[in-house]
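Undergrad: Just so you know, the protein sequences line up as chains P and Z, in that order.
Per numbering that gives the first Met the number 0, the very first residue in the first sequence carries number 0; after that it's consecutive.
Per numbering that gives the first Met the number 0, the very first residue in the second sequence carries number 0; after that it's consecutive.
It should be emphasised that the hints constitute simulated quantities derived from the structure, not laboratory data.
Any given hint could turn out to be false.
Listing some non-contacts, in silico: residues in chain P with all C-beta distances to chain Z over 12 Å [unchecked claim]: (1) Lys9; (2) His11; (3) Asp14; (4) Val28; (5) Ala33; (6) Lys46; (7) Glu57; (8) Ala58; (9) Glu61; (10) Phe78.
Below, computed lysine-lysine pairings styled on DSS-like, alpha-carbon distance capped at 30 Å [to be verified]: (11) Z/Lys92 to P/Lys60; (12) P/Lys46 to Z/Lys92; (13) P/Lys46 to P/Lys20; (14) Z/Lys162 to Z/Lys81; (15) P/Lys46 to P/Lys60; (16) P/Lys46 to Z/Lys81; (17) Z/Lys103 to P/Lys20; (18) Z/Lys162 to Z/Lys174; (19) Z/Lys92 to P/Lys20; (20) Z/Lys174 to P/Lys46; (21) P/Lys20 to Z/Lys81; (22) P/Lys60 to Z/Lys174; (23) Z/Lys83 to Z/Lys103; (24) P/Lys60 to Z/Lys81; (25) Z/Lys103 to Z/Lys81; (26) Z/Lys174 to P/Lys20; (27) P/Lys20 to P/Lys60; (28) Z/Lys81 to Z/Lys92; (29) P/Lys30 to P/Lys60; (30) Z/Lys103 to P/Lys60; (31) Z/Lys103 to Z/Lys92; (32) P/Lys30 to P/Lys20; (33) Z/Lys162 to P/Lys30.
Idealized CB from N, CA, C, for every residue including glycine.
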Amino acid sequence: MSRLVLDVLKPHIPDLIEFCKSLSEVDGVRKVSAVVMEVDAETDTVKITVEGREIDFEALKERVRGMGGAIHSVDEVVFE
Amino acid sequence: MFRSTISRILRYSGAGEFSRRYAVMNAFDGVVAILGIVLGSTLLGEASAGNIIAAGVGALVAMGVSGVSGTYMAERAEQERKLKEIEEAMLTKLNGSIIAEARKRAAIFSAIVDALAAILAGLIPLSPYLAALSGLLTLDLAFHMSVGVSLAFLFTLGVFLGKIARNNLIISGLKSLAIGVATILLITLLNLIL
Chain P
0 MSRLVLDVLK
10 PHIPDLIEFC
20 KSLSEVDGVR
30 KVSAVVMEVD
40 AETDTVKITV
50 EGREIDFEAL
60 KERVRGMGGA
70 IHSVDEVVFE
Chain Z
0 MFRSTISRIL
10 RYSGAGEFSR
20 RYAVMNAFDG
30 VVAILGIVLG
40 STLLGEASAG
50 NIIAAGVGAL
60 VAMGVSGVSG
70 TYMAERAEQE
80 RKLKEIEEAM
90 LTKLNGSIIA
100 EARKRAAIFS
110 AIVDALAAIL
120 AGLIPLSPYL
130 AALSGLLTLD
140 LAFHMSVGVS
150 LAFLFTLGVF
160 LGKIARNNLI
170 ISGLKSLAIG
180 VATILLITLL
190 NLIL
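Just chain Z, same shape as in the assembly:
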């Protein structure tokens, strides 16, 4: 029932494609932002696991709030515009129809997907530090694991994008991996300069 409602919302509003785009884009944001915090606080400073988690959680909450509100407003505007276009073509108001309802709910759905993607993806590089905080890992090991899982996740996202585009999966994965590597290089470079 819940699944069929969501599938109807996505079908009637065309939001499926947008939601997927938002999800990937924000998963990127989430991982790279937290990777930046991890790298910056480890290479440029001497942060403890607790500090990194605090900064990471703060960033994730902010990304969640900005994701929900930003996407909702942007997607709502897009959906309203499209609905008005259809209404103009139909020479009638569509209030109360399933199309109007689906388009209204699509904005909410996209906003939730957006925020969840950023938060869940951001938790990936943060998770080794949660283990470090409870004494399961050393800080050094947590750092290396965090960078490792982030890069692995970026590669997976690239593979997913490659699958959407029906491109070579490995090349697509490597391109996405390059973003993570570029982040690491830039922050390492900063570390050398400062």
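Chain P on its own, in the form it takes in the complex:
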């Protein structure tokens, strides 16, 4: 798996920079980019694009959860 686009719901804190920095440390991840789609009272909906080689999806999911976020959907997947 070399590319993933995730729809993620996260609390305001940790902020997007810290959130993505943490995801970039997951095995196989080389690049993380994110766009804020919606800001609510307590949460942000963000579209996160993760690129790399042999991305460990389970570890990624666990990291998102550990940072207080929840993956709502996987919107795009690329295998190479």
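Please arrange chain Z on chain P, whose structure you already have, making use of the hints.
TA: Then chain Z, alone, in the frame of chain P:
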């Protein structure tokens, strides 16, 4: 490492601001309570340095215990409430996440800050009496120094608050100093009445 952990706890839980508030509030409590003991036992009675230290240490221990337990329970409740609000918005439990962990630890951190602030601040007016006990100062000099350092500390706390509020530092310091002066006046007044 330790520093970055603490800074993360404070950032994720928003407890930095609360801890600062607790620290200032309890430093006030600590100094004014011990100042009260010093003034009361000197003006209203004839206490020795040992008596004043015993009463002061007792009061500080009590303030430390009440600070730790009171703040922990209050802050824990606040942090849990906030966590539940976020969980409701997220429609998921946050158990095990760094946010839940940080909020749990924030209550402990605030409790320690609270107790330490009261105890350390309370030791300031008590310190001249420790010197008097070891024969370095006379009781009279210890009394005047104790009142002096207490007022100086209250002024410093006021300046610190002024810095937080970005107000005039001197005015803020003087306002805080007025609390100490008011305490002295009230106890002196009591001394005249009794």
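Undergrad: Now tell me if each hint is right for this structure.
TA: Against the structure, the hints come out as follows:
no.	hint	verdict
1	Lys9	violated (8 Å)
2	His11	violated (9 Å)
3	Asp14	violated (9 Å)
4	Val28	holds (18 Å)
5	Ala33	holds (17 Å)
6	Lys46	holds (17 Å)
7	Glu57	holds (15 Å)
8	Ala58	holds (15 Å)
9	Glu61	violated (10 Å)
10	Phe78	holds (28 Å)
11	Z/Lys92 to P/Lys60	holds (15 Å)
12	P/Lys46 to Z/Lys92	holds (21 Å)
13	P/Lys46 to P/Lys20	holds (15 Å)
14	Z/Lys162 to Z/Lys81	holds (28 Å)
15	P/Lys46 to P/Lys60	holds (14 Å)
16	P/Lys46 to Z/Lys81	holds (25 Å)
17	Z/Lys103 to P/Lys20	holds (23 Å)
18	Z/Lys162 to Z/Lys174	holds (13 Å)
19	Z/Lys92 to P/Lys20	holds (23 Å)
20	Z/Lys174 to P/Lys46	violated (51 Å)
21	P/Lys20 to Z/Lys81	holds (25 Å)
22	P/Lys60 to Z/Lys174	violated (54 Å)
23	Z/Lys83 to Z/Lys103	holds (12 Å)
24	P/Lys60 to Z/Lys81	holds (24 Å)
25	Z/Lys103 to Z/Lys81	holds (11 Å)
26	Z/Lys174 to P/Lys20	violated (46 Å)
27	P/Lys20 to P/Lys60	holds (15 Å)
28	Z/Lys81 to Z/Lys92	holds (13 Å)
29	P/Lys30 to P/Lys60	holds (16 Å)
30	Z/Lys103 to P/Lys60	holds (23 Å)
31	Z/Lys103 to Z/Lys92	holds (15 Å)
32	P/Lys30 to P/Lys20	holds (10 Å)
33	Z/Lys162 to P/Lys30	violated (42 Å)
Hint violations for this structure: numbers 1, 2, 3, 9, 20, 22, 26, 33, all remaining hints satisfied.
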